[in-house]
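Chains as they are written, first to last, in UniProt numbering: chain A, 1 to 439; chain B, 1 to 487.
Source of the hints: derived by calculation from the structure; they are not laboratory data.
Cβ atoms here follow ideal geometry from the backbone N, Cα and C, with glycine treated the same way.
Computed, partial: chain A to chain B, Cβ under 8 angstroms: (1) Val29; (2) Leu69; (3) Ile106; (4) Gln308; (5) Ala324.
Here are a few chain B residues that sit away from chain A, every Cβ distance over 10 angstroms (derived from the structure): (6) Gln209; (7) Glu233; (8) Glu388; (9) Ala392.
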Amino acid sequence: MRFTPHTPEDRAAMLAALGLGSVEELFAVIPEPLRAKSWDLPAGMSEPEVSQYLAKLAGLNAQNLISFLGGGFYDHHIPAAVDALISRGEFYTAYTPYQAEMSQGILQSIFEYQSAICRLTGLDAANASLYDGGTALYEAAMMAVRKTRRKKLIVCTSVSPIYRIMLETYTVNLHLELVEADVSDPAALEGLLDNDTAGLILQNPDFFGVLHDYTPHFAAVHGIKGLGILGCNPIALAVAKTPAEMGADIAVGEGQPLGLPLSFGGPYLGFMAVSQALLRTMPGRIVGRTHDAQGRTGYCLTLQTREQHIRREKATSNICSNEALCALAAVIFLGLMGKKGLVELAELNMTQAAYARTRLTDIPGVEAVDQGPWFNEFRVRLPIDARVAVSRMIDKGIAAGFPLGRYYPEQANNLLVAVTEKRSKEEIGYLAEGLEAVL
Amino acid sequence: MKTIYEISRPGRRAASLPCSRVDESFCQMSQLPPELRRAQPAELPEVAEVDLVRHYTLLSRMNFGVDVGTYPLGSCTMKYNPKFTEQAARLPGFAGLHPLLPQLRRGGLLAQGALRVIHELEDLLKQITGMDAFTMQPLAGAHGELTGIMLMAAYHNDKGNQKSLVLVPDSAHGTNPASAAIAGYEVVTVPSKGGVMDPVAFKEMLNDQVAGVMMTNPNTVGLFNPYIAEIAEAAHQADALMYYDGANLNAIMGMAKPADLGFDIVHLNLHKTFATPHGGGGPGAGPVGVVERLRDYLPISRVEMRPDGTLFLNYDHPKSIGYVAPFYGNFGVCLKAFAYILALGGEGLKEVSQDAVLAANYLRVKLGDKWQVAFDKTCMHEVVFSAEDKVADHGVSALDVAKALIDAGFHPPTIYFPLVVKEALMIEPTETESLENLDALVAAMGRIADMAASDPEALHAAPVSTPVGRLDEVNAARHPVLQEPEA
Numbered sequence: 001m002r003f004t005p006h007t008p009e010d011r012a013a014m015l016a017a018l019g020l021g022s023v024e025e026l027f028a029v030i031p032e033p034l035r036a037k038s039w040d041l042p043a044g045m046s047e048p049e050v051s052q053y054l055a056k057l058a059g060l061n062a063q064n065l066i067s068f069l070g071g072g073f074y075d076h077h078i079p080a081a082v083d084a085l086i087s088r089g090e091f092y093t094a095y096t097p098y099q100a101e102m103s104q105g106i107l108q109s110i111f112e113y114q115s116a117i118c119r120l121t122g123l124d125a126a127n128a129s130l131y132d133g134g135t136a137l138y139e140a141a142m143m144a145v146r147k148t149r150r151k152k153l154i155v156c157t158s159v160s161p162i163y164r165i166m167l168e169t170y171t172v173n174l175h176l177e178l179v180e181a182d183v184s185d186p187a188a189l190e191g192l193l194d195n196d197t198a199g200l201i202l203q204n205p206d207f208f209g210v211l212h213d214y215t216p217h218f219a220a221v222h223g224i225k226g227l228g229i230l231g232c233n234p235i236a237l238a239v240a241k242t243p244a245e246m247g248a249d250i251a252v253g254e255g256q257p258l259g260l261p262l263s264f265g266g267p268y269l270g271f272m273a274v275s276q277a278l279l280r281t282m283p284g285r286i287v288g289r290t291h292d293a294q295g296r297t298g299y300c301l302t303l304q305t306r307e308q309h310i311r312r313e314k315a316t317s318n319i320c321s322n323e324a325l326c327a328l329a330a331v332i333f334l335g336l337m338g339k340k341g342l343v344e345l346a347e348l349n350m351t352q353a354a355y356a357r358t359r360l361t362d363i364p365g366v367e368a369v370d371q372g373p374w375f376n377e378f379r380v381r382l383p384i385d386a387r388v389a390v391s392r393m394i395d396k397g398i399a400a401g402f403p404l405g406r407y408y409p410e411q412a413n414n415l416l417v418a419v420t421e422k423r424s425k426e427e428i429g430y431l432a433e434g435l436e437a438v439l
Numbered sequence: 001m002k003t004i005y006e007i008s009r010p011g012r013r014a015a016s017l018p019c020s021r022v023d024e025s026f027c028q029m030s031q032l033p034p035e036l037r038r039a040q041p042a043e044l045p046e047v048a049e050v051d052l053v054r055h056y057t058l059l060s061r062m063n064f065g066v067d068v069g070t071y072p073l074g075s076c077t078m079k080y081n082p083k084f085t086e087q088a089a090r091l092p093g094f095a096g097l098h099p100l101l102p103q104l105r106r107g108g109l110l111a112q113g114a115l116r117v118i119h120e121l122e123d124l125l126k127q128i129t130g131m132d133a134f135t136m137q138p139l140a141g142a143h144g145e146l147t148g149i150m151l152m153a154a155y156h157n158d159k160g161n162q163k164s165l166v167l168v169p170d171s172a173h174g175t176n177p178a179s180a181a182i183a184g185y186e187v188v189t190v191p192s193k194g195g196v197m198d199p200v201a202f203k204e205m206l207n208d209q210v211a212g213v214m215m216t217n218p219n220t221v222g223l224f225n226p227y228i229a230e231i232a233e234a235a236h237q238a239d240a241l242m243y244y245d246g247a248n249l250n251a252i253m254g255m256a257k258p259a260d261l262g263f264d265i266v267h268l269n270l271h272k273t274f275a276t277p278h279g280g281g282g283p284g285a286g287p288v289g290v291v292e293r294l295r296d297y298l299p300i301s302r303v304e305m306r307p308d309g310t311l312f313l314n315y316d317h318p319k320s321i322g323y324v325a326p327f328y329g330n331f332g333v334c335l336k337a338f339a340y341i342l343a344l345g346g347e348g349l350k351e352v353s354q355d356a357v358l359a360a361n362y363l364r365v366k367l368g369d370k371w372q373v374a375f376d377k378t379c380m381h382e383v384v385f386s387a388e389d390k391v392a393d394h395g396v397s398a399l400d401v402a403k404a405l406i407d408a409g410f411h412p413p414t415i416y417f418p419l420v421v422k423e424a425l426m427i428e429p430t431e432t433e434s435l436e437n438l439d440a441l442v443a444a445m446g447r448i449a450d451m452a453a454s455d456p457e458a459l460h461a462a463p464v465s466t467p468v469g470r471l472d473e474v475n476a477a478r479h480p481v482l483q484e485p486e487a
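Please work from the sequences and hints to get the whole structure.
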């Protein structure tokens, strides 16, 4: 297939304008020995052939599993209006809004998105999106290092292990000290916080689904002039104590639950909000409201003096492409849910999970691991290796949850179970009955 | 236009949630104690679905994308994106797939289709670039740069090399020095001569402290560096690695491969080179390819094949740098690029490069009458003009020209960049604009050049056709208003 509009006559006319006989002459600047010796790519296919091939590949994936997999990524319902609106070509075929006058649509939507993230987190300013929750957490950690000029980061072991590995990857060459410890109890912070501590990183709900009040933790880190960083689930923020109320300086998280498909790991959305004092050290694009010469309200990218195209090697971060379309999906999702709807959605998730937890812990030999309170995910201890149980459940058409031994070897028997509004009472029943049968 | 918060009315709603059919007691069980609850609900909009749909539809009409018109934004490669690739990414078998599924015992067998997409795309990208292995993990081009520099560091650390510098030509994308600095390196800028990195200056600055060299070739002024073999050879003699910023790969597909040019690490902007939409600035995808000696350092997991032909995720690579993303990259974007490459095939991709280069050179010649060409020689996929003479003669800047083009119905070229050309106008027509559209752009630029002489005030006043005129960006930065105040 071709997507170029040129006819042979067009090409001939263009070459004639250049005084050239063939298009190859344009590539004369590439020295002959460096030219491609081979080009063994398959022949092109038609649209129906490609579509059929991809449908065939999609069909090789499990399609009808009843899923209780979470771990930071959730199977929420996506209202049809989200896709309908982000599919408008004016939005999705645009680039970074460098020319504000012809990009007011995406700029205003980003401003609305920033507002929504501020309102959810209670903090003062949000950026226009980062790649994902894990890179957002890393950017937050680096902000703390820059702002405090200190080298030590304390990370709670109940922060997503996936994000902790990412943090290690990114900081390995930066001469930082990463301290991983279970600091769920603030008493555990004693002896860890010192004058070299840049920040404390926590997550709410934590990786095991448990909700916390980290107010004492952040008070303690402020006591040594460090920064408090909180990873959040954006839907839980509808009901949970906000990062601002707990005293966090930076809130970050994975925006996937806000209207983005699971899509095998991406594209997702990293959100970030900060207190006023950190505004100018925040990475990424930011949209501000201003006016034109006639006094008309308009929006533009702002605070760009922090950014790579101006400060180059001194830039706050290197992010250029971000996840603007995903941020648009998120603000549309939040608008559709609305002030009351998002609270109801959060509560519905919690109720469904509470039911599932009761059903599972009613099974002889299955115990709750935590005391709660939980959001929409929880862990249970099984009498056998959770990987084996999950494997047997797959045969029944159910992805029963995530076996925690994958990241926490001492928790081989623990299973992390997520329940969203999409799981019916009947499906939760299948999960409980199935699990009882395989144990 | 009012914001979604301003059109909010208490009591309106669009949410449609299932009723919980579980017993009331579970509802109570899930009640949070007050110390864990937020004090007030978040002030999200209260709107009916119709209000919301009209609001964002109106906003979309205040936005310009490739589907609306010509978007010759240099170095950003805003080509037309075929529609069928969007459908591919929305197939339920892909869109609904949980990324942790393959980590369950035997779970890899439940995601063979997705793993096959990654595996086959890796093979195609290897052939396109000549590299020996790829990771799909990096989530954007600049994220690929950072990944590439981390791979560079892992290589040197593993060899026990003590190196602290990265060389970057002055014409580089701003993300290059930023990425190198963020990975912990000191950045040294190498000057250009005739628009390309000068091999003499380069060799003078090269020493055993240099970990690597970051280059774009063709570079951001649209020129292919003919000294590349010489530069790569010198770098390799100093055990420095050659990094290829693939942002401009669309200029040479099928004509040359980064590996043959001497590069060791390459990132590709799938969203530029392979026509996946940029979505208002993202998402993108920035897979990174490496030569054999760097393979072991690539992020985990790696999609690998068992003897029986099934695919699995291998996490057992002890020298790996770890995870740069939570899973397998921006899979949905990779899927679109995969569909695009399958549709075009080898010949189609080669034609893409040829047509992109042909179009840029056509504009170079056609616009050369009235506009100063920064480097008057054969260019690749983009061409840089300078409005410096228009400033001197008439007080008309590149910014004025850009704004006048908006009134003419075109997205302006890149003007903030490259830093090596004053008052730059960097035009990248891409291969998907027809000859008629190219001629229309030439005509519009011609009229603007004439107006610069006859009526410069009109150009200062542009644009007049848009919902807002030029915005007070100084005020926006001095007094930042970054969210809608709560009522």
